[in-house]
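Novice: The listed protein sequences derive, respectively, from chains E and W.
Quick note, the first sequence lines up with residues 1 to 226 if you use our numbering.
Quick note, the second sequence lines up with residues 1001 to 1226 if you use our numbering.
Since the hints were derived computationally from the structure, they do not count as laboratory data.
Source: prediction; values computed, not measured.
Wrong hints could be hidden among the right ones.
[Stated by the list, open to error] Here are the computed lysine to any residue pairs in the SDA-like style, where the Cα-Cα straight-line distance is at most 20 Å:
id, chain 1, residue 1, chain 2, residue 2
1, E, K111, W, M1133
2, W, K1111, E, V213
3, W, K1120, W, I1215
4, E, K111, W, K1120
5, E, K111, W, K1111
6, E, K192, E, T220
7, W, K1120, W, A1136
8, W, K1036, E, A59
9, E, K111, W, S1104
10, E, K192, E, Y157
11, W, K1026, E, D210
12, E, K111, W, T1103
13, W, K1036, W, P1049
14, E, K36, E, K192
15, W, K1142, E, P49
16, W, K1142, E, M50
17, W, K1197, W, I1215
18, W, K1026, W, A1059
19, E, K120, E, A59
20, E, K111, W, A1059
21, E, K26, E, M50
22, W, K1036, W, M1050
[Said to hold, decoys possible] Short, incomplete list of chain W residues facing chain E, as computed with Cβ under 7 Å:
id, residue
23, A1065
24, N1068
25, A1069
26, E1072
27, Y1073
28, N1075
29, E1076
30, R1096
31, G1099
32, K1142
33, S1206
[Stated by the list, open to error] Coverage of chain E stretches by chain W, computed from C-beta distances (three or more under 8 Å per stretch; other residues unrestricted):
id, stretch
34, 57 to 67
35, 85 to 92
36, 129 to 136
37, 180 to 190
Every residue, glycine too, gets a C-beta built ideally from N, C-alpha and C.
Number of protein chains: 2
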Amino acid sequence: MTDRCTLYHSPLCPFSRQVRVLLFEKAIPHSLIIEKPWERRPEFLRLNPMGDVPVLREADGHVVAHHNAICEYINETTPVPPMLGETPRGRAEIRRLTGLFNTSFYADVVKPLVGERALKVVQGSSQPPSSAMIRAGRENLKGYLSYIGWTAARRPYLGGRAVSMADIAAAAHISLLDYLGEIAWDEHPDAKLWYIKIKSRPSFNSLLQDRLVGIIPATTYADLDF
Amino acid sequence: MTDRCTLYHSPLCPFSRQVRVLLFEKAIPHSLIIEKPWERRPEFLRLNPMGDVPVLREADGHVVAHHNAICEYINETTPVPPMLGETPRGRAEIRRLTGLFNTSFYADVVKPLVGERALKVVQGSSQPPSSAMIRAGRENLKGYLSYIGWTAARRPYLGGRAVSMADIAAAAHISLLDYLGEIAWDEHPDAKLWYIKIKSRPSFNSLLQDRLVGIIPATTYADLDF
């Protein structure tokens, strides 16, 4: 089968991870190209002058950039299976949660922890990790895990009765923190049950194969029965 | 006419400003309640436990939170006039630009400049503004204004042939920077022509009436012929 599209992504980018899972959920044939956005490769900058991942290039050369634009585009052009809910209010709740994970959770937790603990290693930064930022990220993480657990205890999936972009977004961020061994799963049993359900989906398998150069994953990372 | 909804917003919040403009563009009768999210008012936290603005409450009590969820919800439930384009690729381009302004531009420019120069004043913070953050925000601003000018010189509106969420998002952020006198309009004539076009729309009028306690707006702020 010919690939319908190519995704330029980075294993360290939680937004790229969401698009990867979505492409599998929609069964869209695709190929993956790992991009190191900080290297500012000229060929990549011609695709996306902003220089950030993810970027989707379709077979006819059409390019879509920015994670939200890409995910909405995939959901519009490949509507089945639905990943945004069935009603305007249902979609609003799913987009609220997706936005929460992609803005607040990312800024408060994922950016400081992944940035300080992983990005600096992978980029070979001469700056040491900021222990103040790591401390703040870890402290913030607890509240979000409680919120995920609280939500997951009340609904089959974060956004409602069916799996949706809300689960994909949350699990994409969580998967990076889990790789780094940042999640105290035993303290968050409801969040753990939810994450086991999501990471066991075939669409998630490709993420669990990722290995970051210079960083060994936590023992639970690829384990579906952790 | 009965209001169809109530918007909880903050004049200092560029995301709230986008929803205000969108409600006017869609001619949706609404009322506005100014919220100071940092005061964490219990009645407001019951509507949105995350505590951030904007929050939309409909006449039947239904609540939608997070700016992207609110804007997509309004665009779905009141599709005319269209503010997201007419085709999936058109919408992807509009959402790309909207995402660019709401994530990168906000983080690189608006958050440091508005946070340091305005939010600290309005909140009565005991911390002085960080001159390093203000400098960085101002430096970053130049590139974005060039990009707006470059785009506006090639299309009638940022997202294409018609006004869209891309213009609303960009202009909402720009309006706050303009209030603070941060825009060297004479150095960015194409961006200036575009902004005159957007701020002259009736939907923008309500923003131009805003006055922040303790901060006098730049002389150009409400002037449509600056």
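Novice: Could you run down the list of hints and mark each one as holding or not?
Specialist: Do the hints match the structure? See the list:
1. K111/E to M1133/W: Holds: K111/E and M1133/W sit about 18 Å apart, inside 20 Å.
2. K1111/W to V213/E: The hint is violated at about 33 Å.
3. K1120/W to I1215/W: holds (11 Å)
4. K111/E to K1120/W: Given that 20 Å is the threshold and the Cα spacing comes to 24 Å, the pair is violated.
5. K111/E to K1111/W: holds (16 Å)
6. K192/E to T220/E: holds (11 Å)
7. K1120/W to A1136/W: Given that 20 Å is the threshold and the Cα spacing comes to 17 Å, the pair holds.
8. K1036/W to A59/E: violated (48 Å)
9. K111/E to S1104/W: Cα-Cα ~14 Å, so holds.
10. K192/E to Y157/E: Holds, because 13 Å separates the two Cα atoms, which is no more than 20 Å.
11. K1026/W to D210/E: With Cα atoms ~45 Å apart, K1026/W and D210/E exceed 20 Å; violated.
12. K111/E to T1103/W: holds (13 Å)
13. K1036/W to P1049/W: Holds, at roughly 14 Å.
14. K36/E to K192/E: violated (31 Å)
15. K1142/W to P49/E: holds (16 Å)
16. K1142/W to M50/E: It holds: about 15 Å lies between the C-alpha atoms, which stays within 20 Å.
17. K1197/W to I1215/W: violated (26 Å)
18. K1026/W to A1059/W: Given that 20 Å is the threshold and the Cα spacing comes to 17 Å, the pair holds.
19. K120/E to A59/E: Outside the cut-off at roughly 34 Å; violated.
20. K111/E to A1059/W: Violated, at about 38 Å.
21. K26/E to M50/E: Status violated; Cα separation ~27 Å.
22. K1036/W to M1050/W: holds (13 Å)
23. A1065: Result: holds, 5 Å to nearest chain E Cβ.
24. N1068: holds (5 Å)
25. A1069: Hint holds; A1069/W Cβ to chain E Cβ min 4 Å, cut 7 Å.
26. E1072: Holds, about 6 Å.
27. Y1073: Check passed: Cβ of Y1073/W comes within 4 Å of chain E, closer than 7 Å.
28. N1075: violated (10 Å)
29. E1076: holds (5 Å)
30. R1096: Check passed: Cβ of R1096/W comes within 4 Å of chain E, closer than 7 Å.
31. G1099: Cβ of G1099/W sits 4 Å from chain E, so the hint holds.
32. K1142: Cβ of K1142/W sits 16 Å from chain E, so the hint is violated.
33. S1206: violated (23 Å)
34. 57 to 67: holds (count 5)
35. 85 to 92: It holds, with 4 qualifying residues against the three required.
36. 129 to 136: This one is violated; 0 residues, fewer than the three required, reach chain W with a Cβ under 8 Å.
37. 180 to 190: violated (count 0)
In this structure, the earlier hints numbered 2, 4, 8, 11, 14, 17, 19, 20, 21, 28, 32, 33, 36, 37 are contradicted, and the remaining ones agree with it.
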